[in-house]
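If you read the protein sequences in the order shown, they are chains R and D.
Under the numbering used here, residues 1 to 121 are what the first sequence spells out, in order.
Under the numbering used here, residues 1 to 110 are what the second sequence spells out, in order.
Please keep in mind that the hints were generated in silico from the structure rather than gathered at the bench.
These figures come from a predicted structure and were not determined experimentally.
Accuracy of the hints is not assured; some may be wrong.
Said to hold, decoys possible - Stretch-level coverage of chain D by chain R, calculated; a stretch enters the list once three of its residues show a Cβ under 8 Å from a Cβ in chain R:
1) 14 to 24
2) 76 to 85
3) 94 to 105
Unchecked claim - Here are the simulated distance ranges between beta carbons:
4) D/Ser26 <-> R/Lys76: 39 to 47 Å
5) R/Gly66 <-> D/Gly15: 49 to 57 Å
6) R/Asp62 <-> D/Ser11: 31 to 39 Å
7) D/Thr17 <-> R/Ser25: 34 to 42 Å
Virtual Cβ for every residue (Gly too), placed ideally from N, Cα, C.
Listed below, chain by chain, are the residues.
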Amino acid sequence: EVQLVESGGGLVQPGGSLRLSCAASGFTLSGYWMGWVRQAPGRGLQWVANIKQDGSEMYYVDSVKGRLTISRDNAKNSLYLQINSLRAEDAAVYYCARYSAQRASAYFDCWGQGTLVTVSS
Amino acid sequence: QTVVTQEPSFSVSPGGTVTLTCGLSSASVSSSHSPSWYQQTPGQAPRTLIYTTNSRCSGVPDRFSGSILGNKAALTITGAQADDESDYYCALYMGRGVYVFGTGTKVTVL
């Protein structure tokens, strides 16, 4: 069974940093693109970042470029999201998701349960 | 930044049919955008329903179908059931690695 389990969320002060982790099981992580999607309280889904199977390509939504970094360790079956210079607008549930990117196909096919990031002083 | 628009809300009677749409302000949605649809109930992670315009994910009932209607992507629920009451999000691939979710539609079944 495919499972994605996020961790690392919590309460952080504005300007602080946080690293989210996602443990993958039930499939071979190195065979898939992966991504992060977030959802602010009461708001819709927002794609944040994707990373290629070998980590050679990363893509970000414009609003987080330079502050958020997606990375992966296939040997540890793990995906990460480093968030620096946290702002109020970064407060959200962050979902780890498997991204299917084949010839004419681009979509998230499996989702974790999410980890909550709260930004407050 | 690209905005993908959806109807804010829809109400449908049990057994009825409802069609949600997903559009772009400055262009037509086509299959090249690889439209996908996600269902989310409060407090839960999203669930993938439809990918590449009209393919259903494993386990998704066939009352859910996807299509291109005019210049928009569409999700149709035929024979709505009470547990279809959820938020629905479309998403489009915009090229160069950029992926955008729609604004979401809240569907009420009553």
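Hints, one by one, checked against the model:
Here's how the segment 14 to 24 of chain D fares: 0 of its residues keep a CB closer than 8 Å to some CB of chain R, so the rule of at least three is not met and the hint is violated. For the segment 76 to 85 of chain D, the stated coverage by chain R is violated: 0 residues have a C-beta nearer than 8 Å to a C-beta of that chain, whereas at least 3 were required. Against chain R, the segment 94 to 105 of chain D contributes 9 residues with a C-beta closer than 8 Å to a partner C-beta. That satisfies the three-residue criterion, and the hint holds. Between D/Ser26 and R/Lys76 the beta carbon distance is about 42 Å. The supplied range of 39 to 47 Å therefore holds.
One distance hint, 49 to 57 Å for the beta-carbon pair R/Gly66 and D/Gly15, holds here, with the actual separation near 51 Å. At roughly 35 Å, the beta carbons of R/Asp62 and D/Ser11 sit within the given window of 31 to 39 Å. Checked against the hint of 34 to 42 Å, the C-beta distance between D/Thr17 and R/Ser25 comes to roughly 39 Å, which is consistent with it.
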